[in-house]
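Participant: Sequence:
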Amino acid sequence: MGMTAVAFAPGLGIDPRIAGLVGMAAMFAGASRALLTAVVFAFETIAQPAGLLPLLGGCTAAYLLSALFMRHTIMTEKNRAAWRTDMPPTTLSKSPSARFASERW
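By this note's numbering, the letter at position 17 of the sequence shown is numbered 17, and the numbering carries on one by one without gaps.
Some hints could be false.
[Stated by the list, open to error] DEER-style ranges, computed between Cβ atoms:
{"hint": "1", "residue 1": "76", "residue 2": "36", "range": "26 to 36 Å"}
{"hint": "2", "residue 1": "4", "residue 2": "53", "range": "19 to 29 Å"}
{"hint": "3", "residue 1": "68", "residue 2": "23", "range": "14 to 24 Å"}
{"hint": "4", "residue 1": "46", "residue 2": "3", "range": "10 to 20 Å"}
No lab work stands behind these hints: they were computed from the structure.
Ideal Cβ placement from N, Cα and C applies to all residues, glycine included.
Working from the sequences, and respecting the hints, build out all of it.
Facilitator: As structure tokens, this is what we get:
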């Protein structure tokens, strides 16, 4: 995407390396809904103040779109599947918390 933006609008001064980093951080922020974590992780890799504003913008946009279109995050999807009420206890995994949950049934 960064190289495409540079090819179509060379006057904007987009750095493809920063664009790639923003894309990766935005993907993480959207999938995990951990906005500040994604920004901090990505900012630690470059430690350049010029990259902070694009990181905040890209991660915020991904976070908002994720909140708008996704019901669950990647962090809660497994829990949601394991705690559905229509699932019999035998289909739960054999982790200690799942065994405790199956005893409650």
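Participant: Hints first: check each against the structure and report whether it holds.
Facilitator: Each hint tested on the structure:
1. 76 <-> 36: 26 to 36 Å: For residue 76 and residue 36 the Cβ distance comes to about 18 Å; the hint is violated.
2. 4 <-> 53: 19 to 29 Å: Holds - the Cβ-Cβ distance for residue 4 and residue 53, about 21 Å, lies within 19 to 29 Å.
3. 68 <-> 23: 14 to 24 Å: With Cβ atoms ~19 Å apart, the hint holds.
4. 46 <-> 3: 10 to 20 Å: For residue 3 against residue 46, whose Cβ atoms are near 18 Å apart, the range 10 to 20 Å holds.
Hint check: a violation occurs at hint 1 only; the rest are consistent with the structure.
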